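Input sequences plus hints: build the corresponding full structure.
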Amino acid sequence: MAALLQGVPTNYDTDLFQPLIRAIEKLVTKEADARLILEHEEHSYAKLRSQMVKKWKELVAKHPEVEAMGDTMNKQNSTVIPGELVFKLYDTHGFQEDIIQRIAELNKLAIDKEGFKRLLTQHKSRHKTALKEQSSDRGQLFNKAIEKLIKYGVKSTNDQHKYAFKTTDRRIIFEPLKTKLVAILNEDCEWIDFSDPCEIRTYYLVTKDTNFYCEEGGQASDTGIIRLNENVALKVDSVFKIRDFVFHKGTFDVVKDSESYIKRNSDVILAIDSDRRSNIMRNHTAVHLLNAAIRRVLPNSVVCQIGSGVSDRGLYLNLSVYGDKLTQEVVLKAQDLTHVTDSVRVSRAHGVLTVPGERYPETGLRLVAAPAPLPSKELCCGTHAPSTGLLRDFCVTLVKGAGTHTPAIHALTGDAASEARELFCRAEKLREVIHLVEPLRRKEEVSMSEALRDGRAFVVHFLRCSYLAQSEAVPRALAGAALCAPVMLLGCAGGVIVAGCRVPQRWLGCILPVFKAERVPAAPGHSPLTYAEMTGTK
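Position 90, counted from 1, in the sequence shown is what this note's numbering calls 681; the numbers after and before it change by one each time, with no gaps.
Worth flagging that the hints you see were computed from the coordinates, not collected in a lab. The model shown is predicted, which means the values in this text are computed figures rather than measured ones. Certain hints may be false.
What the hints assert, rightly or not - Beta-carbon label-pair distances, calculated as ranges:
no., residue 1, residue 2, range
1, Ser1009, Ala623, 48 to 58 angstroms
2, Ile694, Glu806, 34 to 44 angstroms
3, Leu700, Ala623, 18 to 28 angstroms
4, Leu618, Asn777, 23 to 33 angstroms
As the list claims (entries may be wrong) - The calculated PhoX-like cross-link candidates involving lysine-lysine, where the alpha carbons are at most 25 angstroms apart (straight line), are:
no., residue 1, residue 2
5, Lys617, Lys638
6, Lys757, Lys742
7, Lys854, Lys735
8, Lys648, Lys739
9, Lys826, Lys854
10, Lys638, Lys648
11, Lys799, Lys769
12, Lys826, Lys704
13, Lys645, Lys679
14, Lys847, Lys799
15, Lys742, Lys704
16, Lys847, Lys704
17, Lys708, Lys679
18, Lys854, Lys742
19, Lys715, Lys746
20, Lys746, Lys769
21, Lys757, Lys826
22, Lys769, Lys854
C-beta: ideal position from N, C-alpha, C; glycine also.
Here it is, written out as structure tokens:
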């Protein structure tokens, strides 16, 4: 019948089969390439698995504390491996389900198959929707739903509530927002008037109002919860805007054995992740201050912002610099200048700085400004800290392309900045210690080489180690010692003396009575005839 209606000789010439046939023709031409890629992946995976035992032994040798760690499952006091752990082994580490099952059986454990299957289905659903959004124009996917919303009299989503917050005791508070649910879409972007939600599927919700910030202007979107009733809530993991409608994407969390029916036009409560939003607001304000600080410390250069990114984990600023280039000294001056702007108010103002090449709407523009001592006035649709004092701390962590025309600066604010600064100080102290120790190490290597060359019977070497490393310093030093000469090593840390030797083993027996210590059994991989250790003694 289809062939007759379309005027073709066979069913295979109809528009049902022709797209499939053309797709098969394209795939056949790529068969050799696909086989080559699969063979390469198979070889790489086999090589990786064959080296796992060796790599594990190297890891234990390098980090002995790993071997001392107790069994994770024993600590949990459970005979069932959680679904989250099974999924991590499967997705992150590449263990197949049958291998995980076999490992569990060997250890007399069971696996949470239901939890694993649920997480696996959620992962596949997220991948499916993400792939669909990437492979086609996102606007086209939601056009039908938007037209239906307009038909029902909903012109747009009111998202001005994203700028609403309160401050108290140097903290930012975001109140939940009560509004109406105007649209429910499944993972295929199909309209649903009512539904019994599935926890392993992705859904899109549209509300009359929202306090969620969608991804715009380099700022990451909010996450949070949309509570439909006491039994059902949508865990929002991303938010985006199409034609002035805000879509909240996520998965449902449903109370077991309860009424989970949901429908359009019901009342819902929107609550954003407050900690995440607070971090984003601090980082976004810091981007503006950093931009202004760079301009201040490079007065003889033309500085243009060409891009930026803000998330709860940090920020980056891409610049175009003509004239004096960005150096470490310039970055440190800008960082110090940013610290000076403590507790000034961030407000709307006239006199605007724009991003070259960026298109701005004709209406609804938002001007964000910080006054002296570091004035900054920029067009911005993002969310900002009401006072720079709420940034608490600011730290530049990385500068890419310093000295070029297009540098990129990465930075942190708040507690993360303080932690980064502390880690940086620790690293500097370690560098100083290494700088002091390195000449001594080289001198010792030279003296050992000279002793071996001159035929000297023995080499005296004093090992200085930290108190924390006293139990590991001697074994590590012996492990790294050359095998061409007998070695006896004594170390002292925090008033505790440790010792070890390699060939002849009887050397250690001579000093045990002196220190009133005992011999430690040989470590795995060492012969008791050629290797021995002494217990630590004060």
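Any of the earlier hints contradicted here, and which numbers?
Going through the list in order, the structure violates hints 3, 5, 6, 8, 14, 15 and 19 and respects the others.
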